[in-house]
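Colleague: If you read the sequences in order, they're chains A and B. Everything in the first sequence is counted per our numbering, starting at 618 for the first residue and increasing by one. Everything in the second sequence is counted per our numbering, starting at 123 for the first residue and increasing by one.
Please note that a few of the clues may not be correct.
[To be verified] PhoX-like, lysine-lysine: derived pairs with alpha carbons at most 25 Å apart: (1) 199(B) - 226(B); (2) 921(A) - 338(B); (3) 290(B) - 338(B); (4) 654(A) - 199(B); (5) 382(B) - 301(B); (6) 226(B) - 290(B).
[What the hints assert, rightly or not] With the Cβ distance kept under 10 Å, some of the chain B side facing chain A (calculated, not the full set): (7) 165; (8) 166; (9) 171; (10) 174; (11) 178; (12) 180; (13) 212; (14) 216; (15) 231; (16) 233; (17) 339.
Simulated from the structure, these hints should not be mistaken for laboratory data. Note that the structure is a prediction, hence the values are computed from the model and not measured. All residues carry an ideal CB built from backbone N, CA and C; glycine is no exception.
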Amino acid sequence: MYDNEFFVVDMASCSSTGEIINSLSLALETLNHSGKKIVLKLNDSQLNQSQLLSIQSLVTSYGCILDTIETLNEQTAQVAQNMNILVQKPIEKRVEEKYPQDNKEEFQSFSMNNVTDNSIALKDVNGLHFEADLDEIQRQQDSININSDLVKAGINPQGSFAQIEQQVETKYPSVEEINSITDEFTKSSNNLDDVENLEKNSIGVYKKAYDENALSDDAWEEVDFYETPTDDPVVSDSKNTTYINQTLRSGQILESDGNVVIIGDCHPGSEIRALGDITVWGVLSGIAHAGCKGNLNAKVRALKMNAVQLRIGNCYSRRPDGTNIPYIIRSSIFTPEEARVVDGEIMLFKINQN
Amino acid sequence: MAGSVIVITSGKGGVGKTTTSANIGTALAHMGNKVVLIDTDIGLRNLDLLLGLENRIVYTIVDVVEERCKLKQALVKDKKNPNLCLLAAAQTRDKSAVDADQLKDICEQLKQDFDYVLVDCPAGIEQGFQNAVAGANEAIVVTTPEMSAIRDADRIIGLLESKEGVEKYRLLVNRVRPKLIKSNDMMGVDDVVEILSCDLIGVIPEDTNIITSTNKGEPVVNDEKSLAGKAYLNVARRIMGEDVPLLDIDEPTTLIDKIKKFFATKKAQG
Numbered sequence: 618m619y620d621n622e623f624f625v626v627d628m629a630s631c632s633s634t635g636e637i638i639n640s641l642s643l644a645l646e647t648l649n650h651s652g653k654k655i656v657l658k659l660n661d662s663q664l665n666q667s668q669l670l671s672i673q674s675l676v677t678s679y680g681c682i683l684d685t686i687e688t689l690n691e692q693t694a695q696v697a698q699n700m701n702i703l704v705q706k707p708i709e710k711r712v713e714e715k716y717p718q719d720n721k722e723e724f725q726s727f728s729m730n731n732v733t734d735n736s737i738a739l740k741d742v743n744g745l746h747f748e749a750d751l752d753e754i755q756r757q758q759d760s761i762n763i764n765s766d767l768v769k770a771g772i773n774p775q776g777s778f779a780q781i782e783q784q785v786e787t788k789y790p791s792v793e794e795i796n797s798i799t800d801e802f803t804k805s806s807n808n809l810d811d812v813e814n815l816e817k818n819s820i821g822v823y824k825k826a827y828d829e830n831a832l833s834d835d836a837w838e839e840v841d842f843y844e845t846p847t848d849d850p851v852v853s854d855s856k857n858t859t860y861i862n863q864t865l866r867s868g869q870i871l872e873s874d875g876n877v878v879i880i881g882d883c884h885p886g887s888e889i890r891a892l893g894d895i896t897v898w899g900v901l902s903g904i905a906h907a908g909c910k911g912n913l914n915a916k917v918r919a920l921k922m923n924a925v926q927l928r929i930g931n932c933y934s935r936r937p938d939g940t941n942i943p944y945i946i947r948s949s950i951f952t953p954e955e956a957r958v959v960d961g962e963i964m965l966f967k968i969n970q971n
Numbered sequence: 123m124a125g126s127v128i129v130i131t132s133g134k135g136g137v138g139k140t141t142t143s144a145n146i147g148t149a150l151a152h153m154g155n156k157v158v159l160i161d162t163d164i165g166l167r168n169l170d171l172l173l174g175l176e177n178r179i180v181y182t183i184v185d186v187v188e189e190r191c192k193l194k195q196a197l198v199k200d201k202k203n204p205n206l207c208l209l210a211a212a213q214t215r216d217k218s219a220v221d222a223d224q225l226k227d228i229c230e231q232l233k234q235d236f237d238y239v240l241v242d243c244p245a246g247i248e249q250g251f252q253n254a255v256a257g258a259n260e261a262i263v264v265t266t267p268e269m270s271a272i273r274d275a276d277r278i279i280g281l282l283e284s285k286e287g288v289e290k291y292r293l294l295v296n297r298v299r300p301k302l303i304k305s306n307d308m309m310g311v312d313d314v315v316e317i318l319s320c321d322l323i324g325v326i327p328e329d330t331n332i333i334t335s336t337n338k339g340e341p342v343v344n345d346e347k348s349l350a351g352k353a354y355l356n357v358a359r360r361i362m363g364e365d366v367p368l369l370d371i372d373e374p375t376t377l378i379d380k381i382k383k384f385f386a387t388k389k390a391q392g
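Using the sequences and the hints given, assemble the complete structure.
Modeller: Laid out in structure tokens, this is it:
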């Protein structure tokens with residue numbers, strides 16, 4: 618049904634063949650994609666012919682074709698070539714070779730054309746270290762309150778969020794406590810930033826959408842969002858964190874003048890607008906607008922990024938065509954990602970495991 | 123010359139209004155017409171999904187009506203065909219966000235720039251329907267060969283007749299299964315036309331490609347092999363005023379059918 622011909626499996630974190638086979642069979646078992654061509658990403662570990670053969674037979678047994686192997690190891694590459702498997706260098710390496718100055722803009726378009734278009738990137742199967750940080754936050758959740766009059770339910774169903782507000786309000790009454798805890802929340806999210814900043818392997822999946830869209834070319838110049846971004850952007854008061862423990866469904870809007878944390882999925886057709894950051898502990902498939910009054914430092918994080926559109930400040934990007942994650946895959950594997958603005962463009966960064 | 127505004131309506135839900143809109147729109151654009159599709163199903167929009175334009179929508183019809191943007195800004199161009207545009211419905215509002223006069227106004231404006239303005243009507247006969255037909259001067263009533271859909275179509279035709287401005291309405295019979303008609307398990311197209319006493323604009327066979335194309339966001343008329351796609355192309359040509367004979371929608375006889383037929387005649391002879 619979904620005509621993605623290629624399927625990328627990232628096994629770079631696996632060191633031994635056993636581990637690779639284990640994770641690969643797990644990945645192939647959870648998802649249904651017989652007939653697809655598999656692109657296997659390996660690290661620099663050395664594999665001999667029998668090991669590669671066993672991997673190939675595993676892939677074949679699930680009805681797929683092992684098409685390409687990405688590896689740094691030359692001997693593995695040699696063996697693969699002998700077996701008529703395409704060999705290519707990992708995307709990061711290729712980018713380095715092509716753009717030695719690390720031109721991020723070009724990097725984005727480059728990686729888009731080569732990897733993400735018409736393929737589902739299945740990156741890290743093995744675990745979520747992001748969990749640790751957010752777990753901590755989740756433990757603090759008991760004391761985090763929500764700023765109740767900021768939560769606004771969409772038109773349908775009426776008042777569903779209002780109900781949550783009431784529940785939460787009766788449970789957590791003290792405002793000072795909230796502030797201290799939300800401070801901690803901000804701190805821990807800053808820690809997260811530090812970790813991510815070490816990682817340079819960004820993957821820009823989202824496409825700047827000012828092209829080809831408008832009827833006339835000058836139409837886009839006039840585009841501004843619901844609030845016109847001013848020279849003096851309204852930066853959120855980080856003490857305000859709206860905390861929602863519910864799935865956001867189609868047609869529901871969540872607006873906040875602080876940060877937003879959602880424990881649950883955001884379905885297509887839903888919309889989140891926040892002055893500050895947006896964190897979704899689940900699959901983000903709707904529209905997310907962080908820093909909606911011009912704060913370009915705002916970020917959007919999600920366990921799985923599948924958003925139709927991402928907006929940060931006055932930047933705007935859309936999901937490339939044909940990369941919608943099918944419903945089957947949605948529940949099983951998570952690759953936490955964060956979107957932020959780099960040089961006026963929204964880019965996605967993997968929240969890595971180490 | 124100003125273009126024509128065609129509303130695609132049915133009364134009953136799930137008979138294929140949106141699919142029809144997407145396919146006729148794409149087919150008309152293919153033939154070189156400038157086409158704009160308006161989704162008036164505010165709160166339950168689907169047309170963008172069928173065209174695969176979901177990720178491109180920034181402004182919707184509600185934004186236009188509430189003057190947050192210009193009409194031209196809200197038009198989303200199709201991925202492949204620059205002649206085709208979509209004016210999407212808002213997902214986070216409901217039908218009352220727009221009223222009939224406003225939609226009529228939008229249709230009038232779009233008529234100047236486009237050859238065809240196709241309005242995808244929501245199910246029902248309430249506000250949404252009233253909005254959608256407000257600016258229309260032609261209508262296509264979609265129905266399936268089922269009693270419930272036909273009754274709703276009859277009601278819709280009655281409402282359309284009482285509307286000023288709608289000069290012409292034609293019937294499109296969707297999801298027809300020739301095999302069932304042959305075995306007398308389904309009403310024939312002729313019966314439907316007779317019951318509704320209405321001009322026929324086309325017959326669309328049931329086609330599994332429709333499901334695939336909906337999921338892909340790619341209208342079925344782009345698929346040359348699809349029977350439904352061919353039927354929609356014919357409908358588009360009829361809208362343009364060409365005289366096209368009805369498509370032969372009989373399913374191709376399989377080998378087994380032929381063998382059965384062979385034995386049946388043998389038996390009869392013997």
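Colleague: Hint by hint, say whether it matches the structure.
Modeller: Each hint, compared with the structure:
no.	hint	result
1	199(B) - 226(B)	holds, 22 Å
2	921(A) - 338(B)	holds, 21 Å
3	290(B) - 338(B)	violated, 33 Å
4	654(A) - 199(B)	violated, 32 Å
5	382(B) - 301(B)	holds, 15 Å
6	226(B) - 290(B)	holds, 17 Å
7	165	holds, 6 Å
8	166	holds, 8 Å
9	171	holds, 9 Å
10	174	holds, 6 Å
11	178	holds, 6 Å
12	180	holds, 7 Å
13	212	holds, 9 Å
14	216	holds, 5 Å
15	231	violated, 13 Å
16	233	violated, 15 Å
17	339	holds, 8 Å
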